[in-house]
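Top to bottom, those sequences are chains D and P. Counting in numbering that gives the first Met the number 0, the first sequence runs from 0 upward without gaps. Counting in numbering that gives the first Met the number 0, the second sequence runs from 0 upward without gaps.
Rather than coming from a laboratory, the hints here were simulated on the basis of the structure. None of the values given here were measured: they were computed from a predicted structure. Errors might be hidden in some of the hints.
On the chain P side, residues computed to face chain D include the following (Cβ under 10 Å) [as the list claims (entries may be wrong)]:
| id | residue |
| --- | --- |
| 1 | A98 |
| 2 | P225 |
| 3 | K229 |
| 4 | A231 |
| 5 | D238 |
Here are some, though not all, of the chain P residues that point toward chain D, as calculated from beta-carbon distances under 10 Å [stated by the list, open to error]:
| id | residue |
| --- | --- |
| 6 | D93 |
| 7 | G136 |
| 8 | T154 |
| 9 | V165 |
| 10 | K195 |
| 11 | P198 |
| 12 | V199 |
For each residue, glycine too, the CB sits at the ideal point set by N, CA and C.
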Amino acid sequence: MTKVWVYADVGESGTVNSGALELLTKARSMDGAEVSAVALGPGATEAAAKLGEHGAATVYASDDAVYADHLAQPAAHALHGLIQEHQPNLVLFGLTYPSRDVAGRLQALTGSTLMSNATDLVDAGKAQTQIFGGTKIVDVALGGPDPKLVLFRPKSFPAEPGGGTAEVVPVNAEIGDDLKVATRTERHEEAATGPKLEDAAVVISGGRGLQEAGNFKLLDELAALISKSAVGATRAVVDSGWVPYSYQVGQTGKTVKPSVYIAVGISGATQHLVGMKEAKRIIAINKDPEAPIFKLADLGVVGDALKVIPALTEEIKSRKG
Amino acid sequence: MNVVVLSKFVPNPEGVPELGDDNLIKREGVEGALDPGDEFGVEAGLQLAEASGGEVTVISMGPDAGATQAIRKALSMGAAKAVLITDPQLKGSDALVTAKVLAAAIKKQEFDVVIAGVESTDGYTGTLPMTIAELLGLPALSFAKHIEQADGKLTIQRQTETGYDVVECPTPAVITVTAGANSPRYPTLKGIMQAKSKPVDQLDVAGLGLSGEDVTPSQTVEAVNPAPEKAAGEVIEDDGSAAKRIADLLSEAKVI
Numbered sequence: 000m001t002k003v004w005v006y007a008d009v010g011e012s013g014t015v016n017s018g019a020l021e022l023l024t025k026a027r028s029m030d031g032a033e034v035s036a037v038a039l040g041p042g043a044t045e046a047a048a049k050l051g052e053h054g055a056a057t058v059y060a061s062d063d064a065v066y067a068d069h070l071a072q073p074a075a076h077a078l079h080g081l082i083q084e085h086q087p088n089l090v091l092f093g094l095t096y097p098s099r100d101v102a103g104r105l106q107a108l109t110g111s112t113l114m115s116n117a118t119d120l121v122d123a124g125k126a127q128t129q130i131f132g133g134t135k136i137v138d139v140a141l142g143g144p145d146p147k148l149v150l151f152r153p154k155s156f157p158a159e160p161g162g163g164t165a166e167v168v169p170v171n172a173e174i175g176d177d178l179k180v181a182t183r184t185e186r187h188e189e190a191a192t193g194p195k196l197e198d199a200a201v202v203i204s205g206g207r208g209l210q211e212a213g214n215f216k217l218l219d220e221l222a223a224l225i226s227k228s229a230v231g232a233t234r235a236v237v238d239s240g241w242v243p244y245s246y247q248v249g250q251t252g253k254t255v256k257p258s259v260y261i262a263v264g265i266s267g268a269t270q271h272l273v274g275m276k277e278a279k280r281i282i283a284i285n286k287d288p289e290a291p292i293f294k295l296a297d298l299g300v301v302g303d304a305l306k307v308i309p310a311l312t313e314e315i316k317s318r319k320g
Numbered sequence: 000m001n002v003v004v005l006s007k008f009v010p011n012p013e014g015v016p017e018l019g020d021d022n023l024i025k026r027e028g029v030e031g032a033l034d035p036g037d038e039f040g041v042e043a044g045l046q047l048a049e050a051s052g053g054e055v056t057v058i059s060m061g062p063d064a065g066a067t068q069a070i071r072k073a074l075s076m077g078a079a080k081a082v083l084i085t086d087p088q089l090k091g092s093d094a095l096v097t098a099k100v101l102a103a104a105i106k107k108q109e110f111d112v113v114i115a116g117v118e119s120t121d122g123y124t125g126t127l128p129m130t131i132a133e134l135l136g137l138p139a140l141s142f143a144k145h146i147e148q149a150d151g152k153l154t155i156q157r158q159t160e161t162g163y164d165v166v167e168c169p170t171p172a173v174i175t176v177t178a179g180a181n182s183p184r185y186p187t188l189k190g191i192m193q194a195k196s197k198p199v200d201q202l203d204v205a206g207l208g209l210s211g212e213d214v215t216p217s218q219t220v221e222a223v224n225p226a227p228e229k230a231a232g233e234v235i236e237d238d239g240s241a242a243k244r245i246a247d248l249l250s251e252a253k254v255i
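Only chain D is shown next, with the shape it has when bound in the complex (with noise of 0.2 Å):
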């Protein structure tokens, strides 16, 4: 028998990261596995309904505010204390802030393997992950002493509930003062409008070939027109200050999915690819007739973003009438 438990980051109001749900959806696959979830911090308890009904057994549980105000330390020190009791195989995270944090502590406890990055899980002791934009697929053997530690990027699984019910266990782990010295007094939520970049079916990204942050707004005057659409932004505009974080594709950013992913001026660095790659239609607007994002595009425009994009939002508008 393999235990595999499933780290899952929470919100207050008992929401649950989806990747965690993907990974109990893949974990209640695997031969011989029992499945458990960790899940510290307000909103824990109610979480776990969510996280039985995707293949949880069991759930351990601390609905404590230590874990969610003092970063890191807490959880991994709860987690490793677990780890000890009951001795799983393997622990799986998804690639969310939080979770790295508590991944990258927790190695230096257990002294025990840590992939990252990975996009499949062969067996308890073997992964996979792509690299160089998703053209290769690496194996991955993970040795060394158990547990083995692996990180997954978002939507490496679908998440399908099974219908189970998890066993609540309370974590009653003794937090020492020692570890709560990075502390959260504030926090900022960012004002977002219309879907969720992940939960978009249209995604049109803007990268330098946009020329500048001005020009974002071409892409905000097409995505008023289209439903369900949201913008996106390569790591490079980021950086540059044109656009918040929250918008940025790639290996740093956001993982989609979408049915049409429009890349206008983008030239498609892996770091952007392996965040949009596997959406279901690629449109790429692009000078540059050599430029990556063709290779994976299914219709590339060799032109000028800057008057291809007026001319599509027009062109919508008429057929809309």
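Go by the hints and put chain P onto chain D.
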């Protein structure tokens, strides 16, 4: 405030690196540079040190030629000195080995803050600084997009999925800096000249007090295979009709 900045040489950061016969990224005899993500770390370190009258020590691990290039860039930006860790035993190191080596090197320094980028541009593991923080028993402020210091306390804006959090902590601490957190300075001619005479301390595994067992990786690449290729699509020149073609495709996809 004395700052240690971790830096890495990455092969061809703008393009696709090469794989060697051993399925590892080629790191020797290839073009490369200081990881662009690390430039933000160096800049953040310099700003903290300059504001408080301290200095920056840059630490890099890797084959001599490349790591020296990364270190030279950081020194020419303004770091005071460097530690270069190079040892053939470290080829193919995994995240845990790298963390142990860097933590051992950091312990030899007098520091208030350790700064790293949030992830490298070649490996993208993105957990290394936290493993180092835990090995050193330090708190960490991660994914910082803005950093301030006052009275021995650090306050950052921490990137979140939906905005940012304000997080604070006393020193000593580890900070990870996001790309775009600042505008990395260009080395001046004077800086480039001075970098040549700044001290670089070279260490190997034994010099760090680590054993061969400490640096044996527990993760190995078994195989690298090409992913199934997507059928090539159609590429057209825009002759004024491209907008219609795109609109047709959007109609087919039933999104308009």
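Evaluated hints:
| no. | hint | result |
| --- | --- | --- |
| 1 | A98 | holds, 7 Å |
| 2 | P225 | holds, 6 Å |
| 3 | K229 | holds, 6 Å |
| 4 | A231 | holds, 7 Å |
| 5 | D238 | holds, 8 Å |
| 6 | D93 | holds, 7 Å |
| 7 | G136 | holds, 8 Å |
| 8 | T154 | holds, 8 Å |
| 9 | V165 | holds, 4 Å |
| 10 | K195 | violated, 30 Å |
| 11 | P198 | violated, 30 Å |
| 12 | V199 | violated, 28 Å |
Of the numbered hints listed earlier, those contradicted by the structure are 10, 11 and 12.
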